[in-house]
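Protein chains: 2
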Amino acid sequence: MIKVSVMYPNKPGVRFDHEYYRTKHLPLIKSRMRAALKYYTIDKGLADREGMPLSPYVAMCHLLCDSVEEYQSSFGPHAKEIREDIPNFTDATSIHQISEVVVENSAKVETAALQRSPIDRVRRHKTGPRRSAP
Amino acid sequence: MIKVSVMYPNKPGVRFDHEYYRTKHLPLIKSRMRAALKYYTIDKGLADREGMPLSPYVAMCHLLCDSVEEYQSSFGPHAKEIREDIPNFTDATSIHQISEVVVENSAKVETAALQRSPIDRVRRHKTGPRRSAP
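Read top to bottom, the protein sequences are chains A and B. Counted from 1, the first sequence has number 115 at position 115 by my numbering; the numbering is strictly sequential. Counted from 1, the second sequence has number 67 at position 67 by my numbering; the numbering is strictly sequential.
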């Protein structure tokens, strides 16, 4: 699994409409990438009480796909449309990171490890493949 | 919920032991923060075929906690010990981001929304509070 992280650098007076990002922009990406986008996450950089940024990025999203190829083939044909939506929520220029997901969710790893006990493996061998942990 | 993102900038010849990071450093953090750390994720920045970095960060981890206060009170007392482990896997200096989690997992949101159908809400009203989606 791979993760495409899109990060919007903070700067004094940066414009970023978090509501639009959550309710319009990410749903647009999801509607275009469809099943190739397994799921996404959205982060909002924290600010102090005066609204001054405490974080290097004002916002980030992370897109989870099975492979770089899946990402490119599903995002690529819609890249122009998605890019043209960006001025609707920010004047920041994003930075992109593509990562291999080493640990997707440490709590899920623990759960999955418990479910893969030797006894369970014997059962699986007898009854055929089982579904992965939810 | 908040997310503390720790990002290690890429540079030519950067040293980063991803195996140590996954099997020693993050488990050390988990063992010190205990239940205050809901879960963590680990990302490994992709490189090209010659091993040249394609991503601004060689590695990232994201620590999920209920609040900034929970993070500070559980991480703070062990910060020195955790910091002293860093030279064991990298010579990079990390950047930190603290974010509000706006969408933790879009697939879970969809699942939770389906589970909160009007019929379900009536049932919940009759039988008392129900547990949140897994």
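Some hints could be false.
Only pairs whose alpha carbons sit at most 25 Å apart, straight line, appear in this in silico DMTMM-like list of lysine to aspartate or glutamate [said to hold, decoys possible]: (1) 24(A) x 104(B); (2) 108(A) x 100(B); (3) 38(B) x 85(A); (4) 30(A) x 100(B); (5) 38(B) x 84(A).
From the structure, some residues in chain B lie toward chain A, with a derived Cβ separation under 8 Å [what the hints assert, rightly or not]: (6) 82; (7) 86; (8) 94.
Pairwise CB distance ranges, derived in the manner of DEER restraints [as the list claims (entries may be wrong)]: (9) 93(B) x 31(A): 38 to 46 Å; (10) 91(A) x 79(B): 19 to 27 Å; (11) 35(B) x 77(A): 19 to 27 Å.
The set of hints was computed from the structure by calculation and includes no laboratory data. All of these numbers come straight from a predicted model, not from anything done at the bench. Glycine included, C-beta positions come from ideal geometry on N, C-alpha and C.
For each hint, the structure was consulted:
1. For the hint linking residue 24(A) to residue 104(B), the alpha-carbon distance of about 17 Å falls within 25 Å, and the restraint holds.
2. Between residue 108(A) and residue 100(B) the CA atoms are separated by roughly 21 Å; this keeps the pair inside 25 Å, and the hint holds.
3. Taking the CA atoms of residue 38(B) and residue 85(A), the gap is about 34 Å. The hint is violated against a cut of 25 Å.
4. Annotation: proposed proximity of residue 30(A) to residue 100(B) holds, straight-line Cα distance about 21 Å (limit 25 Å).
5. Taken as a hint, the residue 38(B) and residue 84(A) pair is broken in the structure, with Cα atoms around 37 Å apart against an allowance of 25 Å.
6. A distance limit of 8 Å between C-beta atoms decides the matter here; for residue 82(B) the minimum to chain A is near 16 Å, and the interface restraint is violated.
7. Nearest Cβ of chain A to the Cβ of residue 86(B): about 17 Å, over the 8 Å cut. The hint is violated.
8. Against a cut-off of 8 Å between C-beta atoms, the interface hint on residue 94(B) is violated, since the closest Cβ of chain A lies about 11 Å away.
9. Range check, residue 93(B) to residue 31(A): Cβ separation about 39 Å, and the 38 to 46 Å hint holds.
10. Between residue 91(A) and residue 79(B) the beta carbons are some 36 Å apart, a value that contradicts the proposed interval 19 to 27 Å.
11. A hinted range of 19 to 27 Å for the beta carbons of residue 35(B) and residue 77(A) is inconsistent with their spacing of about 44 Å.
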